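Colleague: Going down the list, the protein sequences come from chains U and Y.
Take 1 as the starting number for the first sequence in the numbering used here and just add one per residue.
Take 1001 as the starting number for the second sequence in the numbering used here and just add one per residue.
Note that these hints are calculated values from the structure, not bench results.
Predicted, not measured: the structure shown is a model, and the values here were computed from it.
Residues from chain Y that face chain U, not an exhaustive set, calculated with beta carbons under 7 Å:
| id | residue |
| --- | --- |
| 1 | 1056 |
| 2 | 1109 |
| 3 | 1122 |
Ideal Cβ positions, reconstructed from N, Cα and C, are used throughout, including at glycine.
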Amino acid sequence: MRVDLDYAVRVLPTLLRGAVTTLQATLGGMALALVLGLAFVLLLRSQNKWVSRPTRAVLEFVRGTPLLIQLFFLFYVLPEWGIRLGALGTGIFALGLHYSTYIAEVYRAGIESVPKGQWEASTALSFSRVDTWRRVVLPQAVITVLPMLGNYLVAMFKDTPLLATITVIEMLGAGLSAAASSYRYFEVFTLIGLIFLAMSLPAGALVRWLEAFNKRYA
Amino acid sequence: MTDSAGVPAIRFTGCSKRFGETVVLDDFTWDVPVGRRVAILGPSGSGKTTLLRLVMTIERLDAGVIEVFGRPIATGRDVPSSRQISERQVREVRRDVGMVFQQFNLFPHMSALQNVTEAPIRVLGKSKEEAAEHGRELLRQVGLQGKEDAPPRQLSGGQQQRVAIARALAMEPRIMLFDEVTSALDPELVGEVLEVIRQLAEHSSMTMLLVTHEIGFARDVADEVLFMEHGRVVESGPPEQVLGSPREERTRSFLRAVGPH
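Could you put the whole structure together from the sequences, leaning on the hints where they help?
Modeller: Below is the structure:
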């Protein structure tokens, strides 16, 4: 087998355009997961059993089923219910929903790591519940769990090729259609792997930096 | 309640609190007159810290009522629902009360100054400028000029506790609760914190409850000493009497145990 470097150079722009979509899906999915995860953890911590128990059930259900099945379900069933998000929108929604259930647990760990004295000081200063969460508890909880959130960001990034299965032209989708006509699978998939690696290495470094930052901070 | 002169700063009426099987406060009734400085002594587990935490509404009262300047701040489960108070009322009344904790409980993600200004901005609705100006003044009063931007982790225990005092004072409470504020400090840092409280007692008319093991400090600052055990008052009175010539044998043996002073 000969490696066709010329082809590799020619197909690179196509793959990079796909990489932009990959990034969009990752960042969009992560933003959604961060917000949904917060909503889930607040519902989970509700004093009301009729709120916290169904929330726990939903989280178990989403965590207990494969992301790929969720993607297919949302992609084919949501339009039947009149909800049209488009392929990328559906992908972002599925990634965000799936990962939010893990991120809710990360937040929970972070919230529980905030010492009781912080809540007591907030009471003593007569903070409202909202201010106690917003100004005292969540900032500390999030700083503690930033490295874990970073790990989930990398994990989600590496899950984005699944979106190719619902017709999103991200990196894998772009590569598959290029390889389908050129039969240059080696060049295409090697390049895709290298681009993934090039993007996840800095993210990994960021996570390690956050861990070091936290150690210094604590 | 038209005669406000007669209204105590804090009034405990039939207050009880238990943790599981342990009774930490047992049918406790007591008035703290406005401007009074009370040192609360007693062995650990005597209920003295719980007393402060109940006033601050950090713990829930099982039975009885606590009033602050004539307005209820905490009601026990035995109180009929018509007389229960809303969270909103509690927050309103609670603004009159400030508390300093054994473990400081500063906000680690904020600078010293932010620790002091956060509540006045969020709760009292002060402008940032106004709160910062007052905050700097308070930090100066507790001897921390120049430390405004330092995060708590860069301050010594004594400095952190003084920030905590400034933070409580920033809400301009009429009552201050000090919960064993020097117990977590290295011995050489105790003096600076006690001195700040001494100054505060001298230059303000605030009502103060001080849970402490520092007998000498209690004698200096307090005009009443309350000795508690098992959630009940063993004896109370002026410091020279309770600390100098206690009536009760239990008080005498406690004072002997905590050593010369």
